[in-house]
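Chemist: Now for the letters of each chain:
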Amino acid sequence: MRIEAALRAARDSGRKLLVPYLTGGLSDDWVASLLAVAAAGADAVEIGIPFSDPVMDGPVIQAASSAALDRGATPVSILDDVSGADCDVPLVVMTYANIVHRAGARRFAGSLAAAGIDGAIIPDLPLEEQEPWAPAAADAGIENIMLVAPVTPDDRLARIVEQSRGWVYAVGLMGVTGERITLAASAGVLGRRVKAMTDKPVLIGVGISTPEQAVEAAASCDGVIVGSALVRILLDGGGPEAAAAFVGSLRSALDEAY
Amino acid sequence: MSGSRPMAEPDDTGRFGEFGGRFVPESLMPACLELEAAFTRAWADPAFHAEYEDLLRTYGGRPSPLTEAKNLSARLGVRVLLKREELNHTGSHKINNVIGQALLTRHMGKQRVIAETGAGQHGVATATAAAYFGLDCTVYMGEVDTQRQELNVFRMELLGAEVIPVTSGSRTLKDAINEALRDWVASVETTHYCIGSVMGPHPYPWMVRELQRIVGEEARAQCDDLLGGVPDYVVACVGGGSNAAGIFAGFDDTPAKLVGVQPEGGAAIGHGQPGVVHGHRSMLLQDEFGQVAEAHSISAGLDYPGVGPEHSYLAQIGRATYPWVNDDEVLEAFQLLSRTEGIIPALESAHAIAWVVREAGRALPAGSTVLVNLSGRGDKDVAQVREILARTTAR
Ligand SMILES: Cc1ncc(COP(=O)(O)O)c(C=O)c1O
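In order, the protein sequences belong to chains H and B. Residue numbering for the first sequence is 1 to 258, as defined by my numbering. Residue numbering for the second sequence is 1 to 395, as defined by my numbering.
These are computed hints drawn from the structure, not numbers from a lab. All C-beta atoms, glycine included, are put in the ideal place defined by N, C-alpha and C. Errors might be hidden in some of the hints.
If you only want the chain H side, here are some residues facing chain B, beta carbon under 7 Å, derived [claimed, not checked]:
#, residue
1, 72
2, 74
3, 174
4, 175
Derived coverage of chain H by chain B (criterion: at least 3 residues anywhere in the stretch with Cβ under 8 Å from a Cβ of chain B; other residues may be distant) [stated by the list, open to error]:
#, segment
5, 151-157
6, 184-193
Only chain H is shown next, with the shape it has when bound in the complex (with noise of 0.2 Å):
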């Protein structure tokens, strides 16, 4: 329960989660991009380990993830890389289900835990579809991170709450990952109903791309989760010093706020 136990304490401290997301493999130093956004605020750290068909990732991911994967960058290849990582907050992956079915559930979720890493977002593995690979996370000490969206229903939305393990994540728009011009109106919506179910830590993701906008959604939930924009830097040739500003920015800016 690493993930949760360290989200919940930094909540009750009275500080906003912020959780960046990178693409694994994306560059030879990627590690140090990695190090660097951690001690730049972070609260946790996702690691996009990248699949050949990302139907949740917008432009800006999918290009990410396919030029890790033009380098050569594998599943093995960036727990690796991982593993050798003094890192001092909570690591995620977040990959697809083809990605975990191909390696076998248990294998999957022992290479994790062997890595170092602490809890995994299978976004295409629903409520219905959790068996085998919950309970092979779950014997290895993997925290499994589930998703609502904004057309979940209450009932649905009640039995994910409950199964999903180190934070609740909540996709803040229909639609897929990408940077956009304002936060959706959904998104604090959305926070506000997982928030009054539960008290599990409730992060929103998807859509948020400026301290603004950071600011903006944790006012209904625990905390965000920013991808693309960061992914953004990283393509465009920014390493660790521009990703930590960015990061930074975001923390400043939570900070500030609340």
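Since the structure of chain H is already known, use the hints to place chain B with the ligand on it.
Modeler: Structure of chain B with the ligand alone, referenced to chain H:
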């Protein structure tokens, strides 16, 4: 599995044996559940069947004839019967599925349909139904395919659809499906995703097979009239597998051998392993880490690394077999059927013919009776074939 026929309803997780399921993001789950309920209700309702069948007759041109291919039969030494789905409105079996899904779209109160297309046949069928029912329509098509099948792009636009070329990945059918799913994640409250084959999350593989079973049921009755029984073999090409599932569904409870013919470069059953993509678990061409491989086929409609889950199941239980043919054999068959029978087949359907030509007197014993689903006509392919033939004669 309920019932005793091999092609029964999937279980309540949407599985045929271990294949199928609902591997979609939470944003799409409520829509999949809504569609399952809507289709289950409609399919039990005689009024829905009456409307669907009436439209297929008065608008779609059903029933399609069964033609005895006498010249080809004489040449091959096996008796070849052709189920003429290429004579349907829009030129393929795809219209059967689309009319059903368009009716459901209306029942669910949605105003927009989206579709993926490979060869363009499903896109054209969807654009046609959208025009007929007054729905907005967007079709995703891999950029490679918009070039191979230029005329179909124009046909869809004439019919009032918006065609979006997809530039990600292999820029073929698999990527068109990804892009359609991304659209649907954002538009699901107003939009129905009209999937073109027996694939995707439950209920699609089951629903599309049911909407295509009219092919098999008609053919069964026609064979009964002509042969006083069933053929020895029922053969169809397999991309996702909808024309095969439709014709197989009329014969799954008979002694007829069921054969689904795959393209050599996209033979998920045989060269693939179980995988999860596009909403279902089925056989899939992929690497050791689960990255999906690119298929290669002369025909855009079969250029797909996966296969519908029910076919993986039928292969596993041994009820159907799934051999493959190569592009050269397909080109030969394309020309042979044109010359012997005066029927230009779609390159997809030419795969089924190619297998019969190759195996007559071998896997197909001399004198056997073979029913082939002629899923589409070749008008869309003549420009591409002319180019290929010009290149090979020049060589
Ligand atoms: C004429 C024709 N046959 C077959 C197919 C392959 O689809 P399925 O395997 O679903 O029948 C297509 C797809 O584009 C087609 O146009």
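Chemist: Hints first: check each against the structure and report whether it holds.
Modeler: Hint check results:
1. For the restraint placing residue 72 of chain H at the interface with chain B, the shortest Cβ-Cβ distance is roughly 11 Å, beyond the 7 Å limit, so the hint is violated.
2. Annotation: residue 74 of chain H was flagged as interfacial toward chain B, and the flag holds, the nearest CB pair being 5 Å apart, inside 7 Å.
3. Using the Cβ-Cβ criterion of 7 Å, the hint placing residue 174 of chain H at the interface with chain B is satisfied: the shortest such distance is roughly 5 Å.
4. Annotation: residue 175 of chain H was flagged as interfacial toward chain B, and the flag holds, the nearest CB pair being 4 Å apart, inside 7 Å.
5. Check result for the segment 151-157 of chain H against chain B: holds, 4 residues qualifying (beta carbon to beta carbon below 8 Å, three or more required).
6. Check on the segment 184-193 of chain H: 0 of its residues sit with their Cβ under 8 Å from a Cβ of chain B, so the three-residue criterion for coverage is violated.
Hint check: violations occur at hints 1, 6; the rest are consistent with the structure.
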